[in-house]
Amino acid sequence: MNSAAAPAASDALAARAHQFEDAEQQHHASWLGMWVFLATEVMFFGGMFTCYAFYRAGYPGAFAAASNQLDVLLGAINTAVLIGSSLTMALAVYSAETGSRRATVNFLLLTILLGAIFLGIKSYEYHEKFVEHFVPGAAFRFEGPFARPAEIFFSFYFAMTGMHALHMVIGIGLLAVIAIKARRGRFSPAYYTPVELTGLYWHFVDLVWIFLFPLLYLVGRHL
Amino acid sequence: MNDQPHMTVRSYILIFLVLLALTGLTTGVAFIDLGRGLNNVAALTIAIAKALLVILYFMHARYSDRFTWVIAAAGVFWLLILLGGTMDDLITRNLLPGGQYFTP
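Protein chains in written order, with this note's numbering: chain G, 1 to 223; chain F, 1 to 104.
Note that these hints are calculated values from the structure, not bench results. Only a predicted model underlies this, so the values are computations on that prediction, with no experimental measurement involved. Heads up, the beta-carbon is just placed ideally off N, CA and C, and yes, glycines get one too. Errors might be hidden in some of the hints.
Said to hold, decoys possible - Some chain F residues near chain G, calculated using beta-carbon distances under 8 Å: (1) VAL9; (2) LEU19; (3) PHE31; (4) PHE67; (5) ILE71; (6) LEU83; (7) GLY99.
Can you build the whole structure from these sequences, using the hints too?
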């Protein structure tokens, strides 16, 4: 390697594992690896989306009636909160890319805050559904002729939003670790891969919700 | 890929505002009866548009190499196989008791 490398480049080399030729190759491998992981996540959530589509095509009336029990306003607010957190995440990556340590930390903390607000609203909704006996199981109650397939809808609702919420909890944990590292000055414009890849994960979680919101909250309004 | 910023703060905020507007649009359209299943089409079209904005700009796919595109496309491709292969079962066989394709 060139011994007259710039200080920023030597930082990047310090962060390089020995099997890689250079920092750029290492970054490319990490970047592609994250995309491959996200493709497997597409299949993971895809299984649930497919089952949802299957049952909804079979029981459209029941799914509409059950979907109407969800709070559209809370769902829309949560969508806006999550999109906002994607913006702050993108700005955190941008700040790391342009070498602004303070802004990186602040945007990461803001992303965590918005994620927590989302989970707070979600817990309030879960609580309401418990109180209203919409949780599948022995205590499930639903007026009208659609009780059984409506229970299937709520099984999907809890499985899909629950798995999405679990991904958000993991994401908040990752963000916290990255924020601490950023505060300690571990990243530079030459090396900020962990910030970038955590960003990809966070945007993916946003993507899942972009589909969950219309499919769960909005479909019932008109078939 | 990460050589220099392709997006500016301004463009990130612009994408964010478009995503917010589309969220408002999809919520509003859901309360208007478009008839004949068109509400579904509208909701999914808007969702796909939002997803593309997030993937292309927030996730920088637009500024990435083709290898990245291939992986992203593979995810969608296999998802479509999963969906298609499952849904054709529903409409060609009577699987769900009491469901709309069920004929005893």
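Here is how each hint holds up against the structure:
1. Because the beta carbon of VAL9 of chain F sits about 7 Å from the nearest beta carbon in chain G, less than 8 Å, this interface hint is met.
2. With a cut of 8 Å, the hint placing LEU19 of chain F at the interface with chain G holds, because the nearest CB-to-CB distance is about 5 Å.
3. A least Cβ separation of about 5 Å between PHE31 of chain F and chain G falls short of the 8 Å threshold, and the interface hint therefore holds.
4. The interface hint given for PHE67 of chain F holds, since its Cβ lies 6 Å from the closest Cβ of chain G, which is under the 8 Å cut-off.
5. At a threshold of 8 Å, the smallest CB-CB gap from ILE71 of chain F to chain G is about 4 Å, leaving the interface hint in force.
6. The beta carbon of LEU83 of chain F comes within 5 Å of a beta carbon in chain G, closer than 8 Å, and the hint placing it at the interface holds.
7. Taking 8 Å as the C-beta cut-off, the interface hint given for GLY99 of chain F holds, the closest approach to chain G being about 3 Å.
Hint compliance for this structure: every hint is met.
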